[in-house]
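Engineer: For the protein sequence lines, the chains are A and B, in the order given. Just so we're aligned, residue 1 is where the first sequence starts under this note's numbering, counting upward by one. Just so we're aligned, residue 1 is where the second sequence starts under this note's numbering, counting upward by one.
You can't tell identical chains apart in this list, so a pair holds if it fits in one copy or across any two.
Calculated cross-link-like contacts (lysine-lysine; reagent style DSSO-like; alpha-carbon spacing at most 27 angstroms):
#1 LYS262 - LYS47
#2 LYS361 - LYS185
#3 LYS185 - LYS34
#4 LYS50 - LYS262
#5 LYS34 - LYS232
#6 LYS269 - LYS47
#7 LYS50 - LYS269
#8 LYS46 - LYS269
#9 LYS46 - LYS262
#10 LYS19 - LYS34
Simulated from the structure, these hints should not be mistaken for laboratory data.
Spelled out, the chains give:
There are 2 protein chains.
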Amino acid sequence: MKGRPLAAIVSAGLSKFGKRDGFSSRELFAEAVKEAFDTCPNLDPKKDIKALIVGNMSEAFEHQCHSAPIMSDWAGILPAPSVRVEVACASSGAAIRYGLFAIISGLCDVVMVGGFEKMTNRTTLEATEYLAMASDFPLEQWNGATFPALFALMATAHMHKYGTTEEQMALVAVKNHHNGTLNPKAHMQREVTVEQVLSSRIIAKPLKLFDCSLISDGASCAILTRPDIARKYTDTPVYIIGSGHGTDAIGLYERDDLTSLKATRIAAKEAYDMAGLSPKDIDVAEVHDCFTIAEIIAYEDLGFCNPGEGGKFIESGAPTLDGSLPVNTSGGLKAKGHPVGATGVAQLYEIFLQLTGQADKRQVDDCEIGLTHNLGGSGATCIVHIYRRG
Amino acid sequence: MKGRPLAAIVSAGLSKFGKRDGFSSRELFAEAVKEAFDTCPNLDPKKDIKALIVGNMSEAFEHQCHSAPIMSDWAGILPAPSVRVEVACASSGAAIRYGLFAIISGLCDVVMVGGFEKMTNRTTLEATEYLAMASDFPLEQWNGATFPALFALMATAHMHKYGTTEEQMALVAVKNHHNGTLNPKAHMQREVTVEQVLSSRIIAKPLKLFDCSLISDGASCAILTRPDIARKYTDTPVYIIGSGHGTDAIGLYERDDLTSLKATRIAAKEAYDMAGLSPKDIDVAEVHDCFTIAEIIAYEDLGFCNPGEGGKFIESGAPTLDGSLPVNTSGGLKAKGHPVGATGVAQLYEIFLQLTGQADKRQVDDCEIGLTHNLGGSGATCIVHIYRRG
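With the hints as extra help, turn the sequences into a complete structure.
Structural biologist: Structure (structure tokens):
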């Protein structure tokens, strides 16, 4: 059997993503938690859950740090001890990894992992500033670099080195928007065409509006257990069989190459090695498409195609729903939305649905192995997890 | 032998605490790390360290989140994967706990834990606002409650219920300031008298200026290993033998009793049970004296004395350097200073010095068992660790 189980996912929940006017993050988290509890009747939340590890990027949006106890409270699991982890947009990916450590340590039989971000209560300018805090203050923020600008540098380098085109980037948006129309929880539920993407206004050349992911509100959660007790809670567990965490220098100015992310390559290698698998074993993946170029680079760094061939990979149709390796069936950050702290566990949620046959109109046939890829900042952090159907 | 080792501390480092003009948190962290590396020559940082878990409360002070990769970089341990954990002032206490999980899981043989906060680059008003983010936004911050106000409510309740006096609270400040004069790394290096404390200006009645801990810059770190490999790195390891983490509702308005912190009682019970010890076994402790009343309540919640007798406990002299259970030999948050994210691991640092006989003028004779108690916010989070000399 491929991949020794490190932990089992026995339930998961996701709030509707979008502009959730009037809902604070604690309410969105409770919405995600309710789904996880409702679909796992054998779980006794107050008795069983031994820890909550919750990802959240920025205290600025709601002027609230120390949010972990609030989330324990609103999940109804007090006095389960809780902690927030933060590595920018990879915060809840890190929550999964530290949830795994807690499970494997033997000190916690059942843990909740999750994430949340409330963003649309702020103006786009404010959100852009808060997100920029994930880049280096003295040498990036201070000089006016925002995240679209940083990823635009990567896109330009990739175009220059490999001939990647704006049309190829647009195809990522077209694919993910299509998938989003099949996901009732997605923020954006409409198709876009290549022409619409190419003619949308420029944000940071060559990235246009439709190359960028969404500013969204949302929350996610999942229940992890020791593999040997998973069937107390569900007949259809999903096992986490690989975990990788890569860290690189925060600033682009410190990196040798802008066309590839070292943190992703490190995280992918660790996860594949732990699972005893290679890229060709992956049946379905959620990758961090904060910008369309990020998904193209992810194809390459995760080994789905060779370096420089990410543009051709999307052109070939391989990562579409009917392709050989469907990527971002949920709609991705691009269409499902990107409430940054929620994203890592939201990716897990989609893979959980796919591997348990609950993905409805976007179900990938006969998938057994899934992968999630969650970036922090401009790629100083990457968390990769690999999953197997139970 | 009392207490099965969960992990070993093989080295630790602490920056000078204080108003460190011109130093950013990454430089302070590097200062702490340098001490830990210099005193552990057998450690090969880049090769041995498998993860960094770093506590930091607020991205607001330096307009910087995603600080974990920066700290990996400035520690010189890239590509060691790093994550920030945040539970307000208990952030690096939580880093210790999640470092333990990583070690016990068997997936990491050596991890660095640490914490940092840069605070004095901001005005006191700004710092007060940022710290207030650790309380509930809609029902505490929004109504103007700052942390001195919240702890003043607890002090008032304790005085009303138990007859605790302002003089008793002042004695905590006197003791910790005295200890601070013996600690070259302490922010404040001067004695205070009961009269000075009582006559200092009122911040939030009954708390006066000298009842409050300091706004400081600083950083801390420690190297944890599997117990069985600790002697590769040092002849004098200190073992972590108990870990407890309690979480309670964030708002005072949700709690039954303002004179005791449930999160501390939960964390202490878990840690004592894990260590197989009771309060009478503790030889030296660092407790979270963010305000003098907090130390008095900690005496009671940790079982050093009975409920309501914390005032008498300090009056008796028991927690002084020459007493039966010296508390805050470092000077505590009150005199050593309280760069909030650094505090949890700074407490561990003091216990590491004490249990390895390196505490110089403040050395407690013949101590074998130590304890640290780290609060988040107004006590929604508490982390307790128990240590044994190797």
